[in-house]
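Visitor: In the order they appear, the protein sequences are chains E and D.
By my numbering, the letter at position 51 of the first sequence is numbered 51, and the numbering carries on one by one without gaps.
By my numbering, the letter at position 100 of the second sequence is numbered 100, and the numbering carries on one by one without gaps.
Source of the hints: derived by calculation from the structure; they are not laboratory data.
A couple of the hints might just be wrong.
A short, non-exhaustive set of chain E residues, derived as facing chain D with CB atoms under 7 Å [said to hold, decoys possible]:
no. : residue
1   : His41
2   : Gly106
3   : Leu112
4   : Gly113
5   : Ile116
6   : Ile120
7   : Met125
8   : Val127
Please read these numbers as outputs of a predicted model, since none were measured by experiment.
Every residue, glycine too, gets a C-beta built ideally from N, C-alpha and C.
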Amino acid sequence: MKFGILVNEGPYQHQASDSAYQFTKAALEKGHEIYRVFFYHDGVYNASRLTVPPQDDRNIVNRWSDLGKEHNLDMVVCIAAAQRRGLLDENEAKRQGKDANNIAEGFRISGLGQLIEAGIQSERMMVFGD
Amino acid sequence: MEDEVIKKFLYVNRKAPYGTIYALESLEVVLIGAAFDQDVSLAFIDDGVYQLKKNQQTSVSSGIGVKDFSKTYRALEGYDVEKLYVDKKSMEERGLSEDDFLVDVQVFDEAQMAELMEQQDVVLSF
Chain E
1 MKFGILVNEG
11 PYQHQASDSA
21 YQFTKAALEK
31 GHEIYRVFFY
41 HDGVYNASRL
51 TVPPQDDRNI
61 VNRWSDLGKE
71 HNLDMVVCIA
81 AAQRRGLLDE
91 NEAKRQGKDA
101 NNIAEGFRIS
111 GLGQLIEAGI
121 QSERMMVFGD
Chain D
1 MEDEVIKKFL
11 YVNRKAPYGT
21 IYALESLEVV
31 LIGAAFDQDV
41 SLAFIDDGVY
51 QLKKNQQTSV
61 SSGIGVKDFS
71 KTYRALEGYD
81 VEKLYVDKKS
91 MEERGLSEDD
101 FLVDVQVFDE
111 AQMAELMEQQ
121 DVVLSF
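Build out the structure end to end from the sequences listed, making use of the hints.
Guide: If you want it as structure tokens, here you go:
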């Protein structure tokens, strides 16, 4: 089965982010395909490189990065949602005249069209949110 | 061509228009998604029915100092997004009727809403 994943909530604040990760990981372990993971609303914070959780807790951002690397996942952060929340990649930081960027390894910033396309191309679209 | 696939997309709007950003960002998905020429429907359930309420006043002078995006729902027709469904129970529980909405909608009971969802390929819930 080919899945699309939508993550609508931020890390630590909400279970949705953990559930999306667990589901994605389990699906891959069972041999399913993940067409794309799309981060929207506060879900974009799952891609912040500057996240520093306590050492005895899970590192949600690194966990996504590692899973993405291992399975060559397409992990897309919505540009509109990211910009209004202060999440930028190098190009966007330059374009907006900001002095820093904070996107974590394995994520890329792109438009909402990528979410619609995931809906079209996947056999099942899974939404993880509130 | 992959792009010629037409799927049935349903956007389920469950949250009040202000207080959280879900409604506004859901609408942004609908507008972008319209460019993909899919078969689009919108459902308004729970506090989501308030999104379509007429006469929203949110400006700094007369309200909460937030952009009023409700007029965008009236523009949906121009994007060929014309299938808007309101959950009857949610509407009635909040003392609203069809006359309170700023666009034409179809009011569905729970069974009709369930059937609508059953028919979809992609359900995006916000």
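Visitor: For every hint, state whether the structure bears it out.
Guide: Now the hints, each set against the structure:
Satisfaction of the interface hint for histidine 41 of chain E is found here, the shortest Cβ-Cβ separation to chain D being roughly 6 Å, below the 7 Å cut-off. For glycine 106 of chain E, the interface hint is violated, the least distance from its beta-carbon to any beta-carbon of chain D being 23 Å, above 7 Å. At about 4 Å, the closest approach between the beta carbon of leucine 112 of chain E and any beta carbon in chain D falls short of 7 Å, and the interface hint on this residue holds. Evaluation of the glycine 113 of chain E hint against chain D yields a held restraint, the C-beta minimum of about 6 Å falling below 7 Å.
Nearest Cβ of chain D to the Cβ of isoleucine 116 of chain E: about 4 Å, under the 7 Å cut. The hint holds. The criterion of a C-beta within 7 Å of any C-beta in chain D is met by isoleucine 120 of chain E, whose closest approach is roughly 5 Å, and the hint holds. At its closest, the beta carbon of methionine 125 of chain E sits 5 Å from a beta carbon of chain D; the interface hint therefore holds under the 7 Å criterion. The criterion of a C-beta within 7 Å of any C-beta in chain D is met by valine 127 of chain E, whose closest approach is roughly 5 Å, and the hint holds.
Violated hint for the displayed structure: number 2, the only one.
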